[in-house]
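Visitor: Based on the provided sequences and hints, a complete structural model is requested.
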Amino acid sequence: MKRDELAGFLRSRRERVRPHEVGLPGGERRRTPGLRRQEVAQLAGMSIDYYIRLEQARGPHPSRQVLNALARALMLTTDERAHLFHLAGQELEPARRRGDVPPGTMHLIAFLEEVPAYVLDAKYDILAWNPLASALMGDLDSQPVEDLNVIRWVFRSPDLAEHLGDEEKSRFARASVADLRWAAGRYPDDADIQALVAEMLALSPEFARLWAMHEVEVRREQRKRVTHPVAGVIDAICQVLPVPDREDLRLVLYTTEPGSPSHRALRRLREVTLSS
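Note that the numbering used here has the sequence shown beginning at 1, numbered continuously upward.
Please note that the accuracy of each hint is not assured.
Stated by the list, open to error - Below are the EDC-like pairs computed for lysine to aspartate or glutamate, each with C-alpha atoms no more than 16 Å apart in a straight line:
| id | residue 1 | residue 2 |
| --- | --- | --- |
| 1 | LYS224 | GLU167 |
| 2 | LYS2 | GLU55 |
| 3 | LYS224 | ASP166 |
| 4 | LYS224 | GLU168 |
To be verified - Here are the in silico distance ranges between beta carbons for each label pair:
| id | residue 1 | residue 2 | range |
| --- | --- | --- | --- |
| 5 | PRO102 | ASP49 | 37 to 43 Å |
| 6 | ASP49 | GLU221 | 38 to 44 Å |
| 7 | PRO229 | PRO258 | 22 to 28 Å |
These are calculated hints, taken from the structure and not from any lab test. For clarity, every value in this text was computed on a predicted model and none was experimentally measured. Built from N, CA and C at the ideal position, the CB exists for glycine as well.
Guide: If you want it as structure tokens, here you go:
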């Protein structure tokens with residue numbers, strides 16, 4: 001981490017931004033060129049003391065979440081954001097990847113700071129995610145790559161019976177199996193998909209029962225309720241969007257109604273993520 005250079009860069013970018021560009025009043029009595037420190041801190045959702053320490057080259061090592069918040073508050077360009085991450089000694093992408101996720105999709109989920117977002121492949125492996133998705137779904141960054149499979153999460157869960165007793169969760173499990181069957185037919189030579197199906201048929205009677213129904217349905221938008229230990233209950237619309245030029249990949253977004261309790265809960269979760 002290059003503390004002195006980072007401090008100088010933050011000061012120079014802060015002085016460049018005019019208050020009206022970020023929706024703040026200007027006024028003739030402002031003696032500070034650009035934004036005040038407390039204004040940057042407010043826009044980035046962090047304490048003024050934390051930001052002052054960064055500008056004085058004595059702050060802690062900022063997380064990727066903090067850097068993304070600063071990049072947004074200071075209206076950094078793509079190249080400036082990359083430079084900010086370099087000075088802080090951080091990898092540019094806040095999402096881990098496995099497999100061939102297009103760079104444009106990686107950049108998109110990185111900038112979706114208030115929306116949990118991740119990328120699924122046809123086998124239901126989670127290939128990439130942003131920090132809010134990791135916070136919502138249980139610290140994805142700390143899990144082994146081989147464990148990041150939604151089908152395994154559902155049908156190898158010790159709470160499977162309770163899970164399937166809930167109408168909404170049961171519907172999700174059934175739709176996931178129907179979607180996996182579609183993928184198995186669409187990609188008949190994909191050994192990984194075939195191996196997952198064989199594994200689940202051997203280990204999960206519930207999966208075998210649903211698989212035997214021969215239902216086929218491509219996964220699309222559906223409502224989902226998440227109970228988070230910190231944020232509480234979040235009722236989200238789970239949107240599933242195709243990744244351009246990669247029909248085997250899908251972008252999953254958890255959106256909430258603006259101003260709703262679920263929207264506020266997601267914001268609380270983001271604040272906790274930024275402060276950690």
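Visitor: Measuring from beta carbon to beta carbon, are PRO229 and PRO258 in 22 to 28 Å?
Guide: 24 Å, holds
Visitor: Straight-line Cα separation of LYS2 and GLU55 no greater than 16 Å?
Guide: The given pair, whose Cα atoms are some 12 Å apart, holds under the 16 Å limit.
Visitor: Kindly confirm whether 38 to 44 Å is satisfied by the beta carbon distance between ASP49 and GLU221.
Guide: 42 Å, holds
Visitor: Would the pair LYS224 and GLU167 pass a check requiring their Cα atoms to be no farther apart than 16 Å?
Guide: This hinted pair holds, its Cα atoms lying about 11 Å apart.
Visitor: Going straight from one Cα to the other, do LYS224 and GLU168 come out at no more than 16 Å?
Guide: It holds: about 7 Å lies between the C-alpha atoms, which stays within 16 Å.
Visitor: Measure nothing beyond the straight line between the CA atoms of LYS224 and ASP166; if it is 16 Å or shorter, mark the hint as holding.
Guide: It holds: about 11 Å lies between the C-alpha atoms, which stays within 16 Å.
Visitor: In this structure, is the beta-carbon distance linking PRO102 and ASP49 contained in 37 to 43 Å?
Guide: 40 Å, holds
In the structure shown, no violation is registered for any of the earlier numbered hints.
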